[in-house]
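Enquirer: Read off the chains here:
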Amino acid sequence: MKNGSSIFCTLLSFLLLVSYPTFSQEETKISPYIQLQYFKNTDESRFLKTTLTYSLNRMEIPVPGMEISFFSEAAGKELIGTVFTDDKGVASLELTKNIRPPINEEGLWEFSTEFKGNDTIQAGNSELSIKDVKLEMSLQEVDSIKTITLKAVTMGNSSEIPVSEEVVMIYVPRMFSLLPVGEATLDESGTASLEFPSDLPGDSEGNLTIISRFEEHPDFGNIEKKIEIKWGVPSVNQAPVAHRALWTKTAPMWMIITLSVLLAGVWGHYLFAIISLILIKRDSKKQAKLKS
Amino acid sequence: MQADKKLLKDLTPEIESTSTTWYITFSVFLGFFLLGIYGLIQQIDKGHIVTGMRDNVVWGFYIVNFIFFMGLSYSGALISGVLHLFHTGWRKPVIRLAELITVISLIIGPFFIFFCIGRLDRLYFLFIHPRIQSPITWDVIAILTDLFGCFIYLYLSFVEDFAILRDYDGLHVPPWKRKFYKILSLGYDGSPRQKKLLSNARTIMSVMIIAIAIIVYSVLAWIFGVTLQPGWHSTIFGPYFVIAAVFSGTGLLIILMWIFRRIYHLEEYITKRHFVNVGVLLTVIAAFYGYFTFSDYLTKWYGSIKMDSILIDKLFNEYYLLFIFANYIGILLPAIIIAFPKFRTIPNITVAAAIAVLALWVNRYIIVIPTLETPFLPVQDTRADWIKYSPTWIEWSLTLAGVSVFVMLFMLISKIAPIVSISEMQQQDSEEILK
Numbered sequence: 001m002k003n004g005s006s007i008f009c010t011l012l013s014f015l016l017l018v019s020y021p022t023f024s025q026e027e028t029k030i031s032p033y034i035q036l037q038y039f040k041n042t043d044e045s046r047f048l049k050t051t052l053t054y055s056l057n058r059m060e061i062p063v064p065g066m067e068i069s070f071f072s073e074a075a076g077k078e079l080i081g082t083v084f085t086d087d088k089g090v091a092s093l094e095l096t097k098n099i100r101p102p103i104n105e106e107g108l109w110e111f112s113t114e115f116k117g118n119d120t121i122q123a124g125n126s127e128l129s130i131k132d133v134k135l136e137m138s139l140q141e142v143d144s145i146k147t148i149t150l151k152a153v154t155m156g157n158s159s160e161i162p163v164s165e166e167v168v169m170i171y172v173p174r175m176f177s178l179l180p181v182g183e184a185t186l187d188e189s190g191t192a193s194l195e196f197p198s199d200l201p202g203d204s205e206g207n208l209t210i211i212s213r214f215e216e217h218p219d220f221g222n223i224e225k226k227i228e229i230k231w232g233v234p235s236v237n238q239a240p241v242a243h244r245a246l247w248t249k250t251a252p253m254w255m256i257i258t259l260s261v262l263l264a265g266v267w268g269h270y271l272f273a274i275i276s277l278i279l280i281k282r283d284s285k286k287q288a289k290l291k292s
Numbered sequence: 001m002q003a004d005k006k007l008l009k010d011l012t013p014e015i016e017s018t019s020t021t022w023y024i025t026f027s028v029f030l031g032f033f034l035l036g037i038y039g040l041i042q043q044i045d046k047g048h049i050v051t052g053m054r055d056n057v058v059w060g061f062y063i064v065n066f067i068f069f070m071g072l073s074y075s076g077a078l079i080s081g082v083l084h085l086f087h088t089g090w091r092k093p094v095i096r097l098a099e100l101i102t103v104i105s106l107i108i109g110p111f112f113i114f115f116c117i118g119r120l121d122r123l124y125f126l127f128i129h130p131r132i133q134s135p136i137t138w139d140v141i142a143i144l145t146d147l148f149g150c151f152i153y154l155y156l157s158f159v160e161d162f163a164i165l166r167d168y169d170g171l172h173v174p175p176w177k178r179k180f181y182k183i184l185s186l187g188y189d190g191s192p193r194q195k196k197l198l199s200n201a202r203t204i205m206s207v208m209i210i211a212i213a214i215i216v217y218s219v220l221a222w223i224f225g226v227t228l229q230p231g232w233h234s235t236i237f238g239p240y241f242v243i244a245a246v247f248s249g250t251g252l253l254i255i256l257m258w259i260f261r262r263i264y265h266l267e268e269y270i271t272k273r274h275f276v277n278v279g280v281l282l283t284v285i286a287a288f289y290g291y292f293t294f295s296d297y298l299t300k301w302y303g304s305i306k307m308d309s310i311l312i313d314k315l316f317n318e319y320y321l322l323f324i325f326a327n328y329i330g331i332l333l334p335a336i337i338i339a340f341p342k343f344r345t346i347p348n349i350t351v352a353a354a355i356a357v358l359a360l361w362v363n364r365y366i367i368v369i370p371t372l373e374t375p376f377l378p379v380q381d382t383r384a385d386w387i388k389y390s391p392t393w394i395e396w397s398l399t400l401a402g403v404s405v406f407v408m409l410f411m412l413i414s415k416i417a418p419i420v421s422i423s424e425m426q427q428q429d430s431e432e433i434l435k
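Going down the list, the protein sequences come from chains C and W. Residue 165 in our numbering sits at position 165 of the first sequence; the count goes up by one each step and never skips. Residue 198 in our numbering sits at position 198 of the second sequence; the count goes up by one each step and never skips.
Be a bit skeptical, because a hint or two may be false.
Pulled from the structure, derived: some chain W residues nowhere near chain C, Cβ distances all over 12 angstroms [as the list claims (entries may be wrong)]:
id, residue
1, Pro175
2, Trp176
3, Ile212
4, Trp386
25 angstroms max Cα-Cα, derived DMTMM-like pairs, lysine to aspartate or glutamate [unchecked claim]:
id, chain 1, residue 1, chain 2, residue 2
5, C, Lys29, W, Asp167
6, W, Lys179, C, Asp283
7, C, Lys286, W, Asp169
8, C, Lys249, W, Asp121
9, C, Lys285, W, Asp169
10, C, Lys281, W, Asp121
11, C, Lys97, C, Glu60
12, W, Lys388, C, Glu60
13, C, Lys97, C, Glu44
14, C, Lys29, W, Glu318
15, C, Lys281, W, Glu318
16, C, Lys146, C, Glu224
17, C, Lys77, C, Glu94
18, C, Lys151, C, Glu60
19, C, Lys226, C, Glu160
20, C, Lys29, C, Glu60
21, C, Lys289, W, Glu318
22, W, Lys182, W, Asp4
23, W, Lys195, C, Asp283
24, W, Lys196, C, Asp283
25, W, Lys182, C, Asp283
26, C, Lys281, W, Glu373
27, C, Lys116, C, Glu160
Derived from the structure by calculation, the hints contain no laboratory data. In this text the structure is predicted, and so the values were computed from the model without any measurement. For every residue, glycine included, the Cβ atom is placed at its ideal position computed from N, Cα and C.
Based on the provided sequences and hints, a complete structural model is requested.
Expert: Pasting the structure below:
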């Protein structure tokens, strides 16, 4: 009987354990997200950047170590370089002066990027048409007003063509991200100016970095100009007002009192137990002396 | 100090001689321990990259083991404290085991924290730059206080036994062991004054360790509860952890009763009555534990906070098997086995206890890991292997080493002091006198 019920319990445990319904699922290839972007920096250097990712549990997971090919398409498909994605899933190709991609009839560069895929990830590609834009930014103080002047032109056959009715964003980098401080719409001559706020904190000397950008523009891509200038209010790091809180150096009083009372109470009782042991030892010595 | 000769004859052989089986068993566990040491050396040499912990899941097996062992410790303290304080008649043969569970688990538990810390060389910062506001500081203070208190409590319970062994002429042990008993018995001879002093100290310490066990394990629960993480931010985490700890500790007590009863032939002392009594205790606690578990998940599910819903969805899909085992089988099966008199045999109760202990460990796993796999915001540069935690052999080996040290310390202590307290056994409770 005893053995019978033991076996019953063991079997019941096992059956419950294996009762989980298992589903077989065909392994499917990961469908990646491939994005091609164009960047032009302050120093006029130009990059093509491909990001290869896939989505898992709401998170965008990069795919590192994959070969990405970059092509120029304006005069037939021509390979301009291959780069492997890094840990962030990004493959970046600099368009050096040696690389002279042709333009199409509309004066645009046509780029494409391609990932051939492998056993686990599907192939993917992305395309991009870019017009080369030159963005200029100058900073001046006119009648004590800090003014940013912007100028953007595209390169025509022989002359510069102003970029009009386009928005340029102005940012100042802060600790965690870029702070938008304004946006300027370019006029017919391709210029715009706007007033820069005079109350922005800078570093201890008042230095600020001002960034102007075309962002994710469908024709121009990402173009950036960056200038450092002493237009900020010098920051003075003041220590926070000393008060007791969870985030200050000194703990709230109630917390210190509670902990102290608890610890004193507990360790007081420990002391009592230790003293009892000492008294037992003394008593035994006394008894031994009496006996001898 | 004299004791019943039959008691001495029955309970001291394991102290006098050591069997080949003992040596073989000890060697096996020593082997596991050494494997753990090898794993630890690998971890120290190569860094935490050899573990399954990454930017998302920064707590893995080590923290699970830490919570598990600390829970066993506090439950041992609670059980032994309550049994002693209320002079429960049947406690005598099992109270020593509960006391030993307390101290041994408390020694092992914190080591898992050391394994988990990336910069051990900065550990002393906790002491030189403590912030009272931090639950981690509370935990450090609490564990140290508890460790000290449990050592005193254990020692108080050993004094009488050491005195009995010191004065037992028929005990064949090496001179160092006799000297050991002589020193640690503090010259105790059972005089009325000494008895009173010892009894008062034990009573006070039993009250203290009950209180400390509850507070300290609650502090550990608050480390989770005070965060805003899904699944952790719960007001009932303190009592839930305490109940869960007692559940696992009671289960472990039954397993150890079964092992030592069998190995040291203690059938006369640890009887079916003890198994049934501790088993019933396990069932009652299982009911409370089940209630807390249901209450915790029900409020989270009903509240439908986005992250809680994602977590619960994950628990019922990815972690389905573990969740069902920890929160259904682990609670219901032991309760069913012990609730029906027909199933209440010693092996069945032990199987029920083993299921309960294992389920509790899994419960700790599904409290820690799925929450960390469900962050509010994706960590920058997240990679697939950072999201999903998977323990490596190093974490397994150190877990095995922790269990091995637990077993080895029990084996070693059983060679120094009787696993059933002689002094407790010869005390006559008023209840028994009345009988």
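Enquirer: Now tell me, hint by hint, if it's right for this structure.
Expert: Here's how the hints hold up against the structure:
With a cut of 12 angstroms on Cβ distances, Pro175 of chain W stays outside the contact zone with chain C, its closest approach being about 20 angstroms. The beta carbon of Trp176 of chain W is kept farther than 12 angstroms from every beta carbon of chain C, the shortest such distance being approximately 21 angstroms. With 12 angstroms as the threshold on Cβ separation, the claim that Ile212 of chain W sits away from chain C is violated: the shortest Cβ distance comes to roughly 6 angstroms. A beta-carbon of chain C comes within 12 angstroms of the beta-carbon of Trp386 of chain W; the shortest separation is about 9 angstroms.
As the CA atoms of Lys29 of chain C and Asp167 of chain W are separated by approximately 77 angstroms, the hinted pair breaks the 25 angstroms bound. A hinted pair counts as satisfied when its Cα atoms are at most 25 angstroms apart, and Lys179 of chain W with Asp283 of chain C qualifies at roughly 20 angstroms. Our distance criterion of 25 angstroms between C-alpha atoms is met by Lys286 of chain C and Asp169 of chain W, whose separation comes to about 24 angstroms. As the CA atoms of Lys249 of chain C and Asp121 of chain W are separated by approximately 23 angstroms, the hinted pair is consistent with the 25 angstroms bound.
Taking the CA atoms of Lys285 of chain C and Asp169 of chain W, the gap is near 21 angstroms; set against the 25 angstroms cutoff, the hint holds. Taking the CA atoms of Lys281 of chain C and Asp121 of chain W, the gap is near 41 angstroms; set against the 25 angstroms cutoff, the hint is violated. Among the hinted pairs, Lys97 of chain C with Glu60 of chain C is inconsistent with the structure: their alpha-carbon atoms are about 34 angstroms apart, more than 25 angstroms. For the suggested pair Lys388 of chain W and Glu60 of chain C, the alpha carbons sit about 14 angstroms apart, so the restraint of at most 25 angstroms is met.
With a C-alpha separation of about 11 angstroms, the suggested pairing of Lys97 of chain C with Glu44 of chain C holds against the 25 angstroms cut-off. This hinted pair checks out: Lys29 of chain C and Glu318 of chain W have alpha carbons roughly 20 angstroms apart, not beyond 25 angstroms. Note on Lys281 of chain C and Glu318 of chain W: the hinted pairing is violated, with a Cα-Cα distance of about 60 angstroms set against a maximum of 25 angstroms. Distance hint between Lys146 of chain C and Glu224 of chain C is fulfilled; the C-alpha atoms sit about 20 angstroms from each other, no more than 25 angstroms.
For the proposed pair Lys77 of chain C and Glu94 of chain C, the alpha carbon gap of about 18 angstroms is at most 25 angstroms, so the pair holds. For a cut-off of 25 angstroms, the pair hint linking Lys151 of chain C to Glu60 of chain C is broken: about 37 angstroms separates their Cα positions. The straight-line distance between the Cα atoms of Lys226 of chain C and Glu160 of chain C is roughly 22 angstroms, inside the 25 angstroms bound, and the hint therefore holds. With a C-alpha separation of about 16 angstroms, the suggested pair Lys29 of chain C and Glu60 of chain C falls inside the 25 angstroms cut-off, and the hint holds.
With a CA separation close to 72 angstroms, the supplied pair Lys289 of chain C and Glu318 of chain W exceeds the 25 angstroms bound. For the hint linking Lys182 of chain W to Asp4 of chain W, the alpha-carbon distance of about 19 angstroms falls within 25 angstroms, and the restraint holds. For the hint linking Lys195 of chain W to Asp283 of chain C, the alpha-carbon distance of about 11 angstroms falls within 25 angstroms, and the restraint holds. For the given pair, Lys196 of chain W sits about 12 angstroms from Asp283 of chain C by alpha-carbon distance, which is consistent with the 25 angstroms threshold.
Proximity of Lys182 of chain W to Asp283 of chain C is assessed by CA-CA distance (about 15 angstroms); at most 25 angstroms being required, the pair is judged to hold. With a C-alpha separation of about 56 angstroms, the suggested pairing of Lys281 of chain C with Glu373 of chain W is violated against the 25 angstroms cut-off. Of the pairs offered as hints, the one joining Lys116 of chain C and Glu160 of chain C is violated, with about 39 angstroms between alpha carbons and a cut-off of 25 angstroms exceeded.
When the structure is compared with the earlier hints, violations turn up for hints 3, 4, 5, 10, 11, 15, 18, 21, 26 and 27 and for no others.
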